[in-house]
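Trainee: Protein chains in written order, with the numbering used here: chain U, 1 to 459; chain W, 1001 to 1459.
Worth flagging that the hints you see were computed from the coordinates, not collected in a lab. Being a predicted model, the structure only gives us computed values, none of them experimental. Possibly wrong hints are sitting among the right ones.
Said to hold, decoys possible - Computed footprint of chain W on chain U, listed as stretches where at least three residues anywhere in the stretch have a Cβ under 8 Å from a Cβ of chain W: (1) 5-11; (2) 99-113; (3) 172-178.
To be verified - Derived list of chain U stretches under chain W, where covered just means 3 residues or more per stretch with a C-beta under 8 Å from a C-beta of chain W: (4) 147-155; (5) 371-384; (6) 422-428.
For each residue, glycine too, the CB sits at the ideal point set by N, CA and C.
Number of protein chains: 2
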Amino acid sequence: MANKIPTRLYLSEDEMPKYWYNLRADMKEKPDPILHPGTLQPARAADLEPVFCREPVKQELDDTTRLIPIPDGIQDFYRAYRPAPLIRAYFLEKALDTPAEIYYKFEGTNTSGSHKLNSAGAQAFYAKEEGLTSLATETGAGQWGTAMAMACAFYGLGLTVYMVKVSAEQKPYRKILMETYGANLISSPSNTTEAGRKILADDPDTGGSLGCAISEAVETAVKTDRCRYVLGSVLNHVLLHQSVIGLEAKAALDKYGVKPDIIIGCAGGGSNLGGLIAPFMGEKLAGKSDTRFIAVEPASCPSFTRGRYAYDFGDTAKITPLIRMQTLGNGFIPSSNHAGGLRYHGMNSTLSKLYHDGHLEARAEVQTDVFDAAIRFMKVEGILPAPESAHAIKAAIDEALECKKTGEKKVILFGLTGTGYFDMTAYMAYNNKTMSDYVPRDEDLARGFATLPDIPQNR
Amino acid sequence: MANKIPTRLYLSEDEMPKYWYNLRADMKEKPDPILHPGTLQPARAADLEPVFCREPVKQELDDTTRLIPIPDGIQDFYRAYRPAPLIRAYFLEKALDTPAEIYYKFEGTNTSGSHKLNSAGAQAFYAKEEGLTSLATETGAGQWGTAMAMACAFYGLGLTVYMVKVSAEQKPYRKILMETYGANLISSPSNTTEAGRKILADDPDTGGSLGCAISEAVETAVKTDRCRYVLGSVLNHVLLHQSVIGLEAKAALDKYGVKPDIIIGCAGGGSNLGGLIAPFMGEKLAGKSDTRFIAVEPASCPSFTRGRYAYDFGDTAKITPLIRMQTLGNGFIPSSNHAGGLRYHGMNSTLSKLYHDGHLEARAEVQTDVFDAAIRFMKVEGILPAPESAHAIKAAIDEALECKKTGEKKVILFGLTGTGYFDMTAYMAYNNKTMSDYVPRDEDLARGFATLPDIPQNR
Chain U
1 MANKIPTRLY
11 LSEDEMPKYW
21 YNLRADMKEK
31 PDPILHPGTL
41 QPARAADLEP
51 VFCREPVKQE
61 LDDTTRLIPI
71 PDGIQDFYRA
81 YRPAPLIRAY
91 FLEKALDTPA
101 EIYYKFEGTN
111 TSGSHKLNSA
121 GAQAFYAKEE
131 GLTSLATETG
141 AGQWGTAMAM
151 ACAFYGLGLT
161 VYMVKVSAEQ
171 KPYRKILMET
181 YGANLISSPS
191 NTTEAGRKIL
201 ADDPDTGGSL
211 GCAISEAVET
221 AVKTDRCRYV
231 LGSVLNHVLL
241 HQSVIGLEAK
251 AALDKYGVKP
261 DIIIGCAGGG
271 SNLGGLIAPF
281 MGEKLAGKSD
291 TRFIAVEPAS
301 CPSFTRGRYA
311 YDFGDTAKIT
321 PLIRMQTLGN
331 GFIPSSNHAG
341 GLRYHGMNST
351 LSKLYHDGHL
361 EARAEVQTDV
371 FDAAIRFMKV
381 EGILPAPESA
391 HAIKAAIDEA
401 LECKKTGEKK
411 VILFGLTGTG
421 YFDMTAYMAY
431 NNKTMSDYVP
441 RDEDLARGFA
451 TLPDIPQNR
Chain W
1001 MANKIPTRLY
1011 LSEDEMPKYW
1021 YNLRADMKEK
1031 PDPILHPGTL
1041 QPARAADLEP
1051 VFCREPVKQE
1061 LDDTTRLIPI
1071 PDGIQDFYRA
1081 YRPAPLIRAY
1091 FLEKALDTPA
1101 EIYYKFEGTN
1111 TSGSHKLNSA
1121 GAQAFYAKEE
1131 GLTSLATETG
1141 AGQWGTAMAM
1151 ACAFYGLGLT
1161 VYMVKVSAEQ
1171 KPYRKILMET
1181 YGANLISSPS
1191 NTTEAGRKIL
1201 ADDPDTGGSL
1211 GCAISEAVET
1221 AVKTDRCRYV
1231 LGSVLNHVLL
1241 HQSVIGLEAK
1251 AALDKYGVKP
1261 DIIIGCAGGG
1271 SNLGGLIAPF
1281 MGEKLAGKSD
1291 TRFIAVEPAS
1301 CPSFTRGRYA
1311 YDFGDTAKIT
1321 PLIRMQTLGN
1331 GFIPSSNHAG
1341 GLRYHGMNST
1351 LSKLYHDGHL
1361 EARAEVQTDV
1371 FDAAIRFMKV
1381 EGILPAPESA
1391 HAIKAAIDEA
1401 LECKKTGEKK
1411 VILFGLTGTG
1421 YFDMTAYMAY
1431 NNKTMSDYVP
1441 RDEDLARGFA
1451 TLPDIPQNR
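Isolated chain U, as found in the complex (with noise of 0.2 Å):
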């Protein structure tokens, strides 16, 4: 195979992003700001302080400055890892049979096996520049947790991590490699928090959900002395710095004059989506492309599909301050069947804002669908791919087969977040056809509507 365009694309460290770009600057219509809870104001940086680090609460409020430059302790930190290389799948590509071109930028070649360690860096390192001395937060499938500690590690900063209990049960080994990294691991619920003792108060055998063990984190950051919460989704300085995925990928397609037809990536709270787009939707809110930007979540959490645009809290305890987002309701608790991460309740507010209106399409897939994408993947491109990254493989697939049909030659890009080392529970289930297709009933997704606040906004 003599090929024009490699393989595997890696930019040199040179040619690394200085600068992250901040989407919202470029957007016409901004989202709307966070609240705070009590006032239902716009929230201040004195509001958001006591919880979360200065700079990202800085970078968090601030829809206005385009490029915001990387500091160099932090590019220092993304060159242990970085440049996440970005690979043409010529294998699968051949394994579908289909004209498309497709593309994936693999963010899973660093020890905690996905993207989370590009703003885990910088917000550890904010930390340590402000004086702190540890670090609050929590981790569903892992993923973020790993990150944390990895960085945290890193910069000398002692971490608690509370698990959500279901995750910690299908990932025992997630969490020696965070404790081998010196994090102090809790399952959530737990009864080290008030929020995780009125939870459990309520609900003794839950599996537990982000929202609960976000409560957790947050209540432990505040009465901690010199401690401040992090978070690995969601938010827009997460967003924020994720764009290094976006901006590299963009990069080195430019090289090569590649110019993205669809661009796609899974979904939970939306930082892998949210960084891998950003600057091809800046291109196309300006005018100056036609990208299609397709969201895929799991059909058992559906924030995107099935949820509602409103303002709702980040958490159960309804402690955060208020975010309007596509939201199935802060209540909201993914079966426990579902493997994997993509289990939040809400999703970042960009993206929610772009999805509102109509930038960004969304679609839902069930469990077993993304696993056969995933082995199909696998079995040509070599890579295990973590079970949330399987969800943008087959939305991938799907467009490449669509393709095939029409053979219509374009350039798909997805994200491949991470690696699936740590989900070899469910990759059994799938291989002993034991994985369970649960998508919520209307009732289900009812309950956690009833637990959207109620504010005139919401009405």
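Position chain W against the provided structure of chain U, taking the given hints into account.
Mentor: Quick look at chain W alone, frame taken from chain U:
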């Protein structure tokens, strides 16, 4: 940090090796020939072809051709996951406060989690070309079995893997991973072969060994139609394929004019060590460098440092040809307390010869020291190393600390062969301080040496 030398050095696709390098061609003193165990005469291709694929047999017996072209089909396969990064360990250097420059060639960014894919892809390609339909092999820690499972999925071949029982129990997820790629996994010793049944009859509670598993896989290959046996280490054709590691590392260092003073690799059967050092050793043997080469083996399986240089069988059932090598005796079974791979009783014949002739140093390390080094490394470099690879890290850190004492600014290169994602039970034992530092007693070794074949060359 404004570095002249990037943190991660990637070759471009067109800089990747087109030829493997056969170090034996540049050795004036060649390794002794493989012997037919019946005749004690040098084995001919016809003796080996009932067991191994044709082209690898040719490569095995060829000690005169320096450069062997990598077929296009294998170059395609390599492009799916190579080039592997050469990483400058800036963070480790800083943490150690050493004047030494440390580099490592990281082979763990593919799903098999190690360098083993370099030979698995080659051997599966040749099997397919030869018209075979399946392969049989063994695996210890699971890296080789995973690599073969991936390669067989890629080329559409069946695969039976005999996995050393103690490893299968320590690493259930490795088993699922191989099965997910389509391999048929059998714990060894098993009742599926005569060799296995005999071993079980002698010792029903044995944890197995690579030697046993090899016997079972060879027997299966020979008895199955259009099937051959493949081995992931020890043999010279495997080292030939693994020379891509050293060739890529050397090409990357040459670009920056960097000459390593010390090259370090972990050693089980020798595949990684032999591949990494090959082109550098070639220069040394030609009098063009003074590089030191250090093999690091586990104290629990010390074939270099406490073994004998003798003709021995490759397997426990004594059905393979005889190889002159550093060996503990084919009946030696390392303690089941030892985590990870590097459990083989013997050592590649080329490396054994180089050691015997004084071109290669060796040292043995106990487990907790190795894991101490792994933790020190992972907290700053971010990569969770395989226990095997951590042996090389241990020696690299020791050499760097020696430089700190002497003030010498040496250049150290080591092979980081893989990741430890499937070794979390070992890390847990380390974290819990339940890890054993078992070292065989002289009488344990004597029992192994008693199994050496009683042939003229050994007297």
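Trainee: Is the listed coverage of the stretch 99-113 of chain U by chain W valid when you require three or more residues with a beta carbon under 8 Å from a beta carbon of that chain?
Mentor: holds (count 4)
Trainee: Has the stretch 5-11 of chain U got at least three residues whose CB is nearer than 8 Å to a CB belonging to chain W?
Mentor: holds (count 4)
Trainee: Taking a Cβ-to-Cβ distance below 8 Å as contact, does the stretch 172-178 of chain U have at least three residues touching chain W?
Mentor: holds (count 4)
Trainee: When I compare C-beta atoms, does the stretch 147-155 of chain U have three or more residues closer than 8 Å to chain W?
Mentor: holds (count 3)
Trainee: Per the coverage rule (Cβ-Cβ under 8 Å, at least three residues), is the stretch 422-428 of chain U covered by chain W?
Mentor: holds (count 5)
Trainee: Does the stretch 371-384 of chain U contain three or more residues whose Cβ lies closer than 8 Å to a Cβ of chain W?
Mentor: holds (count 8)
Checked against the numbered hints above, the structure breaks none of them.
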